[in-house]
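Protein sequences, first through last, are from chains A and B. Counting in our numbering, the first sequence runs from 1 upward without gaps. Counting in our numbering, the second sequence runs from 1 upward without gaps.
FYI, nobody ran anything at the bench for these hints, they're computed from the structure. Among the hints, erroneous ones may be present.
A pair holds if it fits inside one copy or across any two, identical chains being indistinguishable in the list.
[What the hints assert, rightly or not] Mimicking DMTMM-like on lysine to aspartate or glutamate, the simulated pairs with C-alpha atoms at most 25 Å apart in a straight line are:
1. K176 with D159
2. K176 with E229
3. K176 with D98
4. K176 with D40
5. K44 with D87
6. K176 with D161
7. K176 with D222
8. K44 with D121
9. K44 with D169
10. K44 with E225
11. K176 with E218
12. K8 with E225
13. K176 with D96
14. K44 with E30
15. K176 with D26
16. K8 with E84
17. K8 with E88
18. K8 with E218
19. K8 with E229
20. K44 with E228
21. K8 with D222
If you're wondering where the values come from, they're calculated on a predicted model, not measured in any experiment.
2 protein chains.
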Amino acid sequence: MAQNIYDKPEFFEGYSQLSRSVHGLDGAAEWDSIRAVLPDLPGKRVVDLGCGFGWFARFAASQGAASVLGLDLSENMIARARRETADETVQYRIADLDRLDLPEASFDLAYSSLAFHYVEDFARLVATTHAALVAGGDFVFTIEHPIYMAPTTPMWTTDGDGRRIWPLDGYSREGKRTTDWLARGVVKYHRTIGTTLNTLIGAGFAIRHVEEWRPSGEQLRDHPEWAEETDRPMFLLIAAQR
Amino acid sequence: MAQNIYDKPEFFEGYSQLSRSVHGLDGAAEWDSIRAVLPDLPGKRVVDLGCGFGWFARFAASQGAASVLGLDLSENMIARARRETADETVQYRIADLDRLDLPEASFDLAYSSLAFHYVEDFARLVATTHAALVAGGDFVFTIEHPIYMAPTTPMWTTDGDGRRIWPLDGYSREGKRTTDWLARGVVKYHRTIGTTLNTLIGAGFAIRHVEEWRPSGEQLRDHPEWAEETDRPMFLLIAAQR
């Protein structure tokens, strides 16, 4: 069972103050990249795996999705998502992605934003998602990039010349990583890009797009402090098709 | 035009002393991983892009390939390859992968080992290779891993606790990298995994396997000094299909 870190009060409070929690999709630096690989949404049946406050669920509904099912482990997040959603095409349900159960061939799009790195059994999740999609259905998700996840000490440091470096180690040693981010003892699961892609391919998905997110030139003009994001990628975006 | 580093005397001499130059395919740590994703070879028409001393070309012929065309920019390497190859199904030719020209739909397998990171125009090479393969043909290649290529100073260092770290920077800044390896001023071209995969997908290839090479348990028992290879991957192996 995945750790329910989002219902720890200090984590929930910290997460609620992030730009993406206050401003929604437009507050997420990687949103433009995600949107560029999303399929057309009108008439689509969508499932959002790790829906959080429901920003994407409401977006999908506003774009004409026929139905949106938002799933999340956090009672706090589902409660806020329900409060902020008036559209009846959107439904929310509490669910553990490590024990996910979905009806077969029932969705046209499975979407997930920054949730799968909390999932221990990724192969099970991928097989369940593959079965839940119709033939030709899309699977679009982001995770923390494994370069970001892997290190013993995932924080910028400097080399002997004072140059900012990302202290990579343990990249090929997959498995649990425990870090302190918003709360102590946040448990994540590191997998290489190779493992992530081969798991998708092995389940029957075709890989459509792989993006190691970096800020655009426009974003760097608006946020010069994001320059460090070009030294190591923080997010990995994958689009696949059943 | 790609830099012809292999014909610099000090580079060629150093390269000739590497395990993979002395012992051939079995002297290359990543060979078992490559072999696991190769298609059956009997009857196949094979092109080896950057064939070096011809180890793989002779292997493919010994496995029953119908024909093998080995291409390399280095006159020294092609000369040695010809000297060491008796099999008439193998032909060698000097060629620059940045200006590659191949007949259309003429090969069942395009293979390349650790050559494409010297190529500036990867998209052109991939399009040419796609056109040269028959439908269903295989494309199997290795490159230096972009994590290995990217840094300003691609050498192990230690953090404040004395832990071995790989000083990653510049991962998202693609383009030329000049390093000193066997000779001064070796020019390579850094591309992210995302760019490499999207270039293949965009040309019409289906991605079959992506492996960020790490030593096996058996290899670590035989070569304990390879433990550092689990801290950052040195090679990237990709199998794709037209």
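_Intra/inter-copy verdict for K8 and E218 if alpha-carbon distance must be at most 25 Å_ = Result: close neither inside a copy nor across copies, 36 Å intra and 43 Å inter.
*asked:* With identical chains, the pair K176 and D40 could be close in the same copy or across copies; at 25 Å between alpha carbons, which is it: within, between, both, or neither?
replied: neither (36 Å within a copy, 37 Å between copies)
*How would you label the pair K176, E229 (within, between, both, or neither) given a Cα cut-off of 25 Å?*
The answer is both: 24 Å in one copy and 19 Å across copies each meet 25 Å.
*asked:* Please sort K176 with E218 into within, between, both or neither, judging by C-alpha distance up to 25 Å.
replied: The answer is between: 23 Å across copies meets 25 Å, while 36 Å in one copy does not.
_When Cα atoms must be at most 25 Å apart, do K176 and D222 count as within-copy, between-copy, both, or neither?_
neither (35 Å within a copy, 27 Å between copies)
*asked:* Regarding K8 and E229, is the shortest C-alpha distance of 25 Å or less found within a copy, between copies, in both, or in neither?
replied: neither (28 Å within a copy, 37 Å between copies)
*With 25 Å as the alpha-carbon cut-off, assign the pair K44 and D87 to within, between, both or neither.*
Intra 15 Å, inter 58 Å, cutoff 25 Å: intra-copy only.
*Taking 25 Å as the upper bound on the Cα-Cα distance, should K44 and E228 be classified as within, between, both, or neither?*
Result: close neither inside a copy nor across copies, 37 Å intra and 47 Å inter.
_I want to check one pair: K176 and D98. Are their C-alpha atoms no more than 25 Å apart within a copy, between two copies, both, or neither?_
within (14 Å within a copy, 42 Å between copies)
*asked:* Reference check for the pair K176 and D161, CA-CA at most 25 Å: within, between, both, or neither?
replied: Answer is between; shortest inter-copy Cα gap is 21 Å, intra-copy 32 Å.
*Could you figure out if K176 and D26 sit no more than 25 Å apart (CA to CA) within one copy, between two copies, both or neither?*
Classified as neither; 31 Å inside a copy, 34 Å across copies.
_When Cα atoms must be at most 25 Å apart, do K44 and E225 count as within-copy, between-copy, both, or neither?_
neither (38 Å within a copy, 53 Å between copies)
Violated hints, in rising order: 4, 7, 8, 9, 10, 12, 15, 17, 18, 19, 20 and 21; the structure is consistent with all others.
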